[in-house]
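Chemist: Top line first, the protein sequences correspond to chains A and B.
Under my numbering, the residues of the first sequence are numbered 1 to 197, in order.
Under my numbering, the residues of the second sequence are numbered 1001 to 1180, in order.
Don't take every hint at face value.
So, partial list: chain B residues that the calculated Cβ filter (under 8 Å) puts toward chain A [stated by the list, open to error]:
#1 Tyr1089
#2 Ala1151
#3 Thr1153
#4 Ile1157
Taking lysine to aspartate or glutamate and the EDC-like style, the derived pairs with C-alpha atoms no more than 16 Å apart in a straight line are [to be verified]:
#5 A:Lys94 <-> B:Glu1169
#6 A:Lys94 <-> B:Asp1150
#7 B:Lys1135 <-> B:Asp1103
#8 A:Lys161 <-> A:Asp124
#9 B:Lys1135 <-> B:Glu1085
#10 B:Lys1092 <-> B:Asp1102
#11 B:Lys1038 <-> B:Glu1065
#12 B:Lys1094 <-> B:Glu1061
#13 B:Lys1040 <-> A:Asp82
#14 B:Lys1092 <-> B:Asp1150
#15 A:Lys94 <-> B:Glu1125
#16 A:Lys94 <-> A:Asp82
#17 A:Lys8 <-> A:Asp82
#18 B:Lys1094 <-> B:Glu1045
#19 A:Lys2 <-> A:Asp82
#20 B:Lys1038 <-> A:Asp82
#21 A:Lys94 <-> B:Asp1164
#22 B:Lys1040 <-> B:Glu1085
In short, the hints are calculated from the structure, not lab data.
Idealized CB from N, CA, C, for every residue including glycine.
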Amino acid sequence: MKLQEFTKGIVKKNAVFALALGLCPTLAITTSVENALGMSLAVAFVLISSNFIISALKHFIPQEVRIPCFIVIIASLVTVIDLLMHGYSPTLYKHLGIFLPLIVVNCIILGRAEVFASKRSVSDTFLDAAGISVGFALAIISVSAIRELLGSGAIVIFGHKVVPALTSSPATAMILPPGAFLTIGILLALLRRAKVM
Amino acid sequence: MLQSSIRNAIRNLGATLVLTLICLVAGVLLAITYDLTKEKISEAEQAEVNQALSEIFPSAEFMEENGYYNALENGELIGYAVIVEGTGYSGKIKIAFGICLDDTIQRVRVITHSETPGLGSKVAEDEFLMQFEGKTLQELKLRKEGGEIDAVTGATISSEAVVDIVREELQRIVEGLLGG
Chain A
1 MKLQEFTKGI
11 VKKNAVFALA
21 LGLCPTLAIT
31 TSVENALGMS
41 LAVAFVLISS
51 NFIISALKHF
61 IPQEVRIPCF
71 IVIIASLVTV
81 IDLLMHGYSP
91 TLYKHLGIFL
101 PLIVVNCIIL
111 GRAEVFASKR
121 SVSDTFLDAA
131 GISVGFALAI
141 ISVSAIRELL
151 GSGAIVIFGH
161 KVVPALTSSP
171 ATAMILPPGA
181 FLTIGILLAL
191 LRRAKVM
Chain B
1001 MLQSSIRNAI
1011 RNLGATLVLT
1021 LICLVAGVLL
1031 AITYDLTKEK
1041 ISEAEQAEVN
1051 QALSEIFPSA
1061 EFMEENGYYN
1071 ALENGELIGY
1081 AVIVEGTGYS
1091 GKIKIAFGIC
1101 LDDTIQRVRV
1111 ITHSETPGLG
1121 SKVAEDEFLM
1131 QFEGKTLQEL
1141 KLRKEGGEID
1151 AVTGATISSE
1161 AVVDIVREEL
1171 QRIVEGLLGG
């Protein structure tokens, strides 16, 4: 177990800004910080558990059919989590339910399965998945904070006003699709310029 | 030559078997989970319906009749409630709403939906649904179509879907059950 397997996923191999993975959910759901929190939790849950299983089965899965195997494992896991959450925790389901089906098509999960989990030990995989999840969470929360602040004028998380209204006429374009491209593009450029990655 | 192709065939067969096995295990796992959670999920859904109904007429009792609910307060009819499902921008939207005795909308609640998080999902929030209260059949249209409902910014299709689902159901009930 090496701690760097965990820390590398946060900044150096940040899923969104360094690997450019998972851009689809990053563009789609970063309209509010609340959404970003929900998506981060759901992704962390699926990423850690699916890559854990894939790493444990790596000697059993033949090279030629590994991608279909990974997809079956990931999709089944997402469905199982979806059903369990709906039945046993309806409140959590109300907040996270709409994000779960989106995770099946999140390429971070398959990307890490292919690059990391299918080659490394279970403990390294756990650290890697946890690190990537934290990095993804930080990325989408910062993008969504910028978009919500400029596009809605205030940041509201589960009914609590975290940042009070700055303006009565916010730039609505920021919570529409163009705002996502602008925010991600500018953040990416700044991070590259500062040589963080 | 022949030997290597036989070896290939065996390897392919092995890969096929492993994939089949994984699909089989996944399928069984899904079936078991579905069976285990089926009852719990329908309970949770029923609880959501009851919750929505009690938000529409807070102090009423509900009597189901022909697919809609009579809302009774101290035994007296104060309105009707219906649960209706329609198609939104990206899936089904399930809505509960109440009708007062004068054919206006009492309150609208979205029970389940799968609209785009952050945009379309705002049609399930109070800010949008408050607009429906007290509206008549004629006023239940988006403002750009001459009605009194403002669409959610960036989610015209989702907003229109909710308005249409409520209006069509209201029309059906006003003409059928109440007017008839």
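Chemist: Hints first: check each against the structure and report whether it holds.
Modeler: Hints, verified against the model:
no., hint, result
1, Tyr1089, "violated (12 Å)"
2, Ala1151, "violated (13 Å)"
3, Thr1153, "holds (5 Å)"
4, Ile1157, "violated (14 Å)"
5, A:Lys94 <-> B:Glu1169, "violated (25 Å)"
6, A:Lys94 <-> B:Asp1150, "violated (25 Å)"
7, B:Lys1135 <-> B:Asp1103, "holds (9 Å)"
8, A:Lys161 <-> A:Asp124, "violated (39 Å)"
9, B:Lys1135 <-> B:Glu1085, "violated (20 Å)"
10, B:Lys1092 <-> B:Asp1102, "violated (29 Å)"
11, B:Lys1038 <-> B:Glu1065, "violated (26 Å)"
12, B:Lys1094 <-> B:Glu1061, "violated (21 Å)"
13, B:Lys1040 <-> A:Asp82, "holds (13 Å)"
14, B:Lys1092 <-> B:Asp1150, "violated (21 Å)"
15, A:Lys94 <-> B:Glu1125, "holds (13 Å)"
16, A:Lys94 <-> A:Asp82, "holds (11 Å)"
17, A:Lys8 <-> A:Asp82, "violated (30 Å)"
18, B:Lys1094 <-> B:Glu1045, "holds (11 Å)"
19, A:Lys2 <-> A:Asp82, "violated (32 Å)"
20, B:Lys1038 <-> A:Asp82, "holds (12 Å)"
21, A:Lys94 <-> B:Asp1164, "violated (24 Å)"
22, B:Lys1040 <-> B:Glu1085, "violated (21 Å)"
Hint compliance for this structure: hints 1, 2, 4, 5, 6, 8, 9, 10, 11, 12, 14, 17, 19, 21 and 22 are broken, all remaining hints hold.
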